[in-house]
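**Student:** What follows is the residue order along each chain.
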Amino acid sequence: MSRLRNPWGKPRFLVLVTVVYIFWSLIPVAIAVLFAFNNGRSRTTWQGFSTRWFTGASGSVLHDPALQGALRHTLFLGVVCVLVATPLGVALALGLQRWRGPGGGTINTVMLLPLVTPEIVMGVALLLLFLQVLPGIGLGSTAQAIGQVTFTLSYVVVIVRGRLVSIGKDYEEAAADLGAPPHDQLFRVLLPLLAPAIIASAAVVFAISLDDFVVTQYLSGDASTTTVSMLLYASARAAPTPALNALATIALLITLATLALAYVVYRRFAGNDDATAMVGVEV
Amino acid sequence: MGSRWTWRLLALPGVIWLTVFFLLAFYAVIAVAFGNQNTLSEPVPFWNPLDWNVGYMFDTLQNIWQGDQFLTVFVRTFVFVTLALVLALGIGYPVAYFAARHAGRWRGLVLLLLILPFWINYLMRMLAWINLLSPDGMGTRFFSSIGIERLFLSLNLLSERGGWLEGQPFTVIMALTYGYLPFLILPLYAALDRIDQRQIEAARDLGASPAGAFRRVTLPLSRPGILAGLVLIALPMFGDYYTPDLVSSSTKTTMIGNQIDQLTRQGSEKVVGASLTLILAVVLLGLMFYYLRATRSADDRAEA
Numbered sequence: 000m001s002r003l004r005n006p007w008g009k010p011r012f013l014v015l016v017t018v019v020y021i022f023w024s025l026i027p028v029a030i031a032v033l034f035a036f037n038n039g040r041s042r043t044t045w046q047g048f049s050t051r052w053f054t055g056a057s058g059s060v061l062h063d064p065a066l067q068g069a070l071r072h073t074l075f076l077g078v079v080c081v082l083v084a085t086p087l088g089v090a091l092a093l094g095l096q097r098w099r100g101p102g103g104g105t106i107n108t109v110m111l112l113p114l115v116t117p118e119i120v121m122g123v124a125l126l127l128l129f130l131q132v133l134p135g136i137g138l139g140s141t142a143q144a145i146g147q148v149t150f151t152l153s154y155v156v157v158i159v160r161g162r163l164v165s166i167g168k169d170y171e172e173a174a175a176d177l178g179a180p181p182h183d184q185l186f187r188v189l190l191p192l193l194a195p196a197i198i199a200s201a202a203v204v205f206a207i208s209l210d211d212f213v214v215t216q217y218l219s220g221d222a223s224t225t226t227v228s229m230l231l232y233a234s235a236r237a238a239p240t241p242a243l244n245a246l247a248t249i250a251l252l253i254t255l256a257t258l259a260l261a262y263v264v265y266r267r268f269a270g271n272d273d274a275t276a277m278v279g280v281e282v
Numbered sequence: 000m001g002s003r004w005t006w007r008l009l010a011l012p013g014v015i016w017l018t019v020f021f022l023l024a025f026y027a028v029i030a031v032a033f034g035n036q037n038t039l040s041e042p043v044p045f046w047n048p049l050d051w052n053v054g055y056m057f058d059t060l061q062n063i064w065q066g067d068q069f070l071t072v073f074v075r076t077f078v079f080v081t082l083a084l085v086l087a088l089g090i091g092y093p094v095a096y097f098a099a100r101h102a103g104r105w106r107g108l109v110l111l112l113l114i115l116p117f118w119i120n121y122l123m124r125m126l127a128w129i130n131l132l133s134p135d136g137m138g139t140r141f142f143s144s145i146g147i148e149r150l151f152l153s154l155n156l157l158s159e160r161g162g163w164l165e166g167q168p169f170t171v172i173m174a175l176t177y178g179y180l181p182f183l184i185l186p187l188y189a190a191l192d193r194i195d196q197r198q199i200e201a202a203r204d205l206g207a208s209p210a211g212a213f214r215r216v217t218l219p220l221s222r223p224g225i226l227a228g229l230v231l232i233a234l235p236m237f238g239d240y241y242t243p244d245l246v247s248s249s250t251k252t253t254m255i256g257n258q259i260d261q262l263t264r265q266g267s268e269k270v271v272g273a274s275l276t277l278i279l280a281v282v283l284l285g286l287m288f289y290y291l292r293a294t295r296s297a298d299d300r301a302e303a
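Those sequence lines, one after another, are chains V and D. Okay, so the first sequence: first residue is 0 according to numbering that gives the first Met the number 0, each after it adds one. Okay, so the second sequence: first residue is 0 according to numbering that gives the first Met the number 0, each after it adds one.
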């Protein structure tokens, strides 16, 4: 180890930067979560522990129509997005992986573009699409779900295709040699092998949908299509009560629980190495 | 298995989806930007390229060219993003370096803590700072008690006591850095983790000092990861409107994203908004393709 000393002197400097960074990145959020449990209206002065902003009789997430509605709508969009984006993405990943002939490269590039397009560009594009081209759909829940599917689709394809590459073609060819018809190869061989990747991508899609802000806001219609992120944006500066922190805390717990569950499932079925890749999913 | 058409049939729904909701949507931006507007300032898109009207696009470009409002905002956006990128790299590189090289048995925990902010709602992370930096917030009181507030007032980085959230460029730049840093650390970590230790040993065996080995081996080998990571966070920063809205809400910190947001979603002049969106997209297109190519060639190398 001594021969590979790091160039910035003793690692003590690196330890310090890392520890300070981790505290800086997480402590503010931890404080915001703590104040969700404040027994008072302040978000800055601690007045004792209470769950009144979660379940209290008035102004809590459970009983305030605006807060409860935002949480409901966020979860609704998440479920719809998973149900549409996952099968669509799995099929696209399979089709693209085995695509022969011209066109495959172009489709592949177009499929990856939503991952790098700034969200505001996609927001404006979809807004104009629904106002000018598809006024029949218009703005609201349907448009929001379509918008979220459009950019979560790429994540599904990337995750599933990674797994397809690591599976290889052997199993499929073995099944074919043993006389399995094509649709058995797909449903009885490939899809079961892909199951961990499908579960992982469904979890990632759900988490991204829950946290999405820009596209969801651009495509929202009336107040009934407000999501948690939109409510945070709209009322963060307007001197609200800790109920806003409580709402954000609930959404955070749902996201983390979903990912943790998917991680455990994935690890059980696909081995440890691939699972680490899943939680840090990126392009 | 099956004929090639089986696979194409499987890809078909996804291809149609992307064609309508991505390509056609983007074409709508072009058709509106090169279209006209009626007396109510509503867009009248021109779908046929032969009809395209360059008038509004020309006005917008002229506004930028002559140094009017749009130019000020473009330049400010560029300055904010550049400063935030420099800060993010300055903090992110040592952290990623530590995680990849020196974390030892703490590596799993360190990685978990580095990934965690990635999955915390961006708006919630901003809400957390708004709580802290409000006039009676814990952060504001803390900065005041240890003299940081006075220092910032004397450096003119803060215009009034307790006014951290009142149109301070410094706050916006720090918020952007805070918001996007987690997305930079992961690609940096991946790039540093991929470097073969033996190459550094070889440099040391050949007489390089630790600093020399870092400068001539580690740094050049991690450069693709640095560039890809910076591009990855620069793209959303250029389109950001919510961060300045939340931590400043003042015209002194308006970024290009705020301008687009006001013109399109809030609805005053969608045609001009579409022109600005198109200009922004064209400016960023190079970065987008750079990132896609960089990650693809990295994947190819990993597979080879």
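The set of hints was computed from the structure by calculation and includes no laboratory data. The model shown is predicted, which means the values in this text are computed figures rather than measured ones. Treat the hints with caution; some may be incorrect.
To be verified - If you only want the chain V side, here are some residues facing chain D, beta carbon under 8 angstroms, derived:
| no. | residue |
| --- | --- |
| 1 | R11 |
| 2 | R40 |
| 3 | D63 |
| 4 | L91 |
| 5 | T108 |
| 6 | L127 |
| 7 | D169 |
| 8 | I197 |
| 9 | I198 |
| 10 | A235 |
| 11 | I249 |
| 12 | L252 |
| 13 | I253 |
Claimed, not checked - DEER-style ranges, computed between Cβ atoms:
| no. | chain 1 | residue 1 | chain 2 | residue 2 | range |
| --- | --- | --- | --- | --- | --- |
| 14 | V | F48 | D | E159 | 32 to 38 angstroms |
| 15 | D | R149 | V | R40 | 55 to 61 angstroms |
| 16 | V | P181 | D | L49 | 42 to 48 angstroms |
Stated by the list, open to error - Now the stretches of chain V that chain D is said to cover, found in silico as 3 or more residues with beta-carbon under 8 angstroms:
| no. | segment |
| --- | --- |
| 17 | 17–29 |
| 18 | 139–151 |
| 19 | 221–227 |
Virtual Cβ for every residue (Gly too), placed ideally from N, Cα, C.
**Student:** So, for every hint listed, does it hold in this structure?
**Tutor:** Here is how each hint holds up against the structure:
1. R11: For V/R11, the interface hint is violated, since the closest Cβ of chain D sits about 10 angstroms away, which is over 8 angstroms.
2. R40: Violated - the Cβ of V/R40 stays beyond 8 angstroms from chain D, reaching only about 13 angstroms at its closest.
3. D63: Status violated, d = 17 angstroms.
4. L91: holds, 3 angstroms
5. T108: holds, 7 angstroms
6. L127: Given a least distance of 4 angstroms, the restraint on V/L127 holds.
7. D169: violated, 13 angstroms
8. I197: violated, 14 angstroms
9. I198: With Cβ-Cβ at 17 angstroms, over 8 angstroms, it is violated.
10. A235: With a minimum Cβ separation of about 5 angstroms from chain D (threshold 8 angstroms), the hint on V/A235 holds.
11. I249: violated, 11 angstroms
12. L252: violated, 11 angstroms
13. I253: violated, 11 angstroms
14. V/F48 <-> D/E159: 32 to 38 angstroms: Once the Cβ atoms are compared, 35 angstroms apart, the range 32 to 38 angstroms for D/E159 and V/F48 holds.
15. D/R149 <-> V/R40: 55 to 61 angstroms: Hint violated: Cβ distance 30 angstroms, outside 55 to 61 angstroms.
16. V/P181 <-> D/L49: 42 to 48 angstroms: The hint (42 to 48 angstroms, Cβ to Cβ) holds, given that V/P181 and D/L49 are roughly 46 angstroms apart.
17. 17–29: holds (count 8)
18. 139–151: Our answer is that it holds, as 4 residues pass the Cβ test (under 8 angstroms) against chain D, meeting three.
19. 221–227: violated (count 1)
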